[in-house]
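Here are the chains, one letter per residue:
Number of protein chains: 2
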Amino acid sequence: MTASPDQRVIRIDDPRDDRLAPYRDVRERDLVGREGRFIAEGKVVLNVLLTSPHFATDSLLVLENRLSGLSEQLKLCPPDVPVYCVSRETMDAIAGFPMHRGILAIGRRSGQHTVDTLLAAMPEHGLAVVLCGLSNHDNMGSIFRNAAAFEADCILMDETSCDPLYRKAIRVSVGAALKVPFAREGSIEALVSKLQRAGYTTFALSPSGKTSINAAEPVQRTALLLGTEGEGLPKALLDRLQTVQIPMSKSFDSLNVATASGIALARFSRFSGL
Amino acid sequence: MTASPDQRVIRIDDPRDDRLAPYRDVRERDLVGREGRFIAEGKVVLNVLLTSPHFATDSLLVLENRLSGLSEQLKLCPPDVPVYCVSRETMDAIAGFPMHRGILAIGRRSGQHTVDTLLAAMPEHGLAVVLCGLSNHDNMGSIFRNAAAFEADCILMDETSCDPLYRKAIRVSVGAALKVPFAREGSIEALVSKLQRAGYTTFALSPSGKTSINAAEPVQRTALLLGTEGEGLPKALLDRLQTVQIPMSKSFDSLNVATASGIALARFSRFSGL
Chain R
1 MTASPDQRVI
11 RIDDPRDDRL
21 APYRDVRERD
31 LVGREGRFIA
41 EGKVVLNVLL
51 TSPHFATDSL
61 LVLENRLSGL
71 SEQLKLCPPD
81 VPVYCVSRET
91 MDAIAGFPMH
101 RGILAIGRRS
111 GQHTVDTLLA
121 AMPEHGLAVV
131 LCGLSNHDNM
141 GSIFRNAAAF
151 EADCILMDET
161 SCDPLYRKAI
171 RVSVGAALKV
181 PFAREGSIEA
191 LVSKLQRAGY
201 TTFALSPSGK
211 TSINAAEPVQ
221 RTALLLGTEG
231 EGLPKALLDR
241 LQTVQIPMSK
251 SFDSLNVATA
261 SGIALARFSR
271 FSGL
Chain X
1 MTASPDQRVI
11 RIDDPRDDRL
21 APYRDVRERD
31 LVGREGRFIA
41 EGKVVLNVLL
51 TSPHFATDSL
61 LVLENRLSGL
71 SEQLKLCPPD
81 VPVYCVSRET
91 MDAIAGFPMH
101 RGILAIGRRS
111 GQHTVDTLLA
121 AMPEHGLAVV
131 LCGLSNHDNM
141 GSIFRNAAAF
151 EADCILMDET
161 SCDPLYRKAI
171 RVSVGAALKV
181 PFAREGSIEA
191 LVSKLQRAGY
201 TTFALSPSGK
211 TSINAAEPVQ
221 RTALLLGTEG
231 EGLPKALLDR
241 LQTVQIPMSK
251 SFDSLNVATA
261 SGIALARFSR
271 FSGL
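Same order as they appear, the protein sequences are chains R and X.
For reference, each letter of the first sequence is one residue, going 1 to 274 in UniProt numbering.
For reference, each letter of the second sequence is one residue, going 1 to 274 in UniProt numbering.
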């Protein structure tokens, strides 16, 4: 390791060092209780973490040969955040598998949004993405990425949806999981009722939707509801909402839910007329 | 195992049995020469394989408790195709990792398309997807899935793009990699020249594209060109083609290439007016 003038950088050679405990066996750690903490991977995600008002950073873990490329990030990083610097061998021993990226951080929520606070903070022309039972972390991450790209104002999801702050979801989202405000709580019925009371028209995306997405008229306050792949949205919900479908082949009517979210956001966002 | 009346079903208990060799260590096998053979996983992909005129099936490998659910597929399967039936323990020992799906098949190309044969077979209102340097098998599979959903007529890719018949690409495509005709050959410049001679207008999708995708007018013969993430399309190519962009956030201008393909196909396919 080249000597660093940064006093925060702490060289560690023993993978059993207690200070590295939060990084140990990250794949398993994802699946257990984490008390609002999460793992951010890679430089792009780290940039989002360090500039977000909603998250704090506990520490960084950086491969020795990646440190010199992080000078911009270290400037953004509060002075009391330790930066642990390790060899490739130590990194792999800590992570429990070959950790190619070489840049990790432990992030922490500095608060938690609720559906009510998010809806109260929405702009006049709000666009919300609403998720029901979304269980795949890749899809969750991709939907956040699309929501950020098309500037949806928030993502609301029922309690059966998976955690957007799971390591892989954050990575796939390219940091958007730390950028787009979200709340995860209660049943999908309770969510839809709250949206209705707040003046939102909910468009439920479904292969059996009544209106083509190309014919549906965007409204002032739009909620785009997406269900999990496989089962899709509960029929009782489809019966009482406006349903839209993406016209496609009759012989291969299968789009990934994240791709469907991208197509729907391209259509319903403020960018659709540009 | 319940006794099967199907004479093709062969129970095997020794994971070292030579007949299982094509299935051994499938993760590594994906990366080496396979002589036109590939691994199909899961019931949905198997359905596509067994009904495709362009592929043949060497054999099936099925977990004992999945066999009874495959009666429809076994009817579609030629009588000389052996169906190897194994226990969970044997399956995992063969695959080299826990193989959850329990249904595998070895497929084989019965011929190979070229760019010339595919272009010659295109309909009057052809829609081609063209890929340059696409290296991620997930994205490759997703693009095939989108192409099938929006009925693109073929996918053409340069020789630096990855193999759509890689196990994971086929799985992510939900079988579309066995459904949408494709050719992979030569340089992207040669591909674009062939498209031009065949009367195609190539729209190159790029964040720096001159025209909004919402304003671009579909033409009779459309080719949609997508580059790999990161580097994107070569500048020399962008300079001489019509370029289109998907309008999105200035502060998060990052869509996954497969998602971008879905949005572009929704816009340029025959379904865009429906």
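There may be inaccurate statements among the hints.
[Stated by the list, open to error] Partial pick of chain R residues on the chain X-facing surface, computed with a CB cut under 7 Å:
id: 1; residue: Ala148
id: 2; residue: Ala149
id: 3; residue: Pro247
id: 4; residue: Met248
id: 5; residue: Ser249
id: 6; residue: Phe252
id: 7; residue: Leu255
id: 8; residue: Thr259
id: 9; residue: Ile263
id: 10; residue: Phe271
id: 11; residue: Leu274
No lab work stands behind these hints: they were computed from the structure.
Owing to the predicted nature of the structure, the values given are computational and were not obtained by experimental measurement.
Quick reminder that beta carbons are idealized off the backbone N, C-alpha and C, glycines included.
Checked hints:
1. Ala148: Holds, about 4 Å.
2. Ala149: holds (4 Å)
3. Pro247: Pro247 (chain R) check passes; min Cβ-Cβ to chain X is 4 Å, inside 7 Å.
4. Met248: holds (4 Å)
5. Ser249: It holds, given that the least Cβ distance between Ser249 (chain R) and chain X is near 5 Å, below 7 Å.
6. Phe252: At about 4 Å, which falls below the 7 Å cut-off, the nearest Cβ of chain X leaves the hint on Phe252 (chain R) intact, so it holds.
7. Leu255: holds (5 Å)
8. Thr259: This interface hint holds because 4 Å falls under the 7 Å limit.
9. Ile263: holds (5 Å)
10. Phe271: holds (4 Å)
11. Leu274: holds (4 Å)
No hint from the list above goes unmet by this structure.
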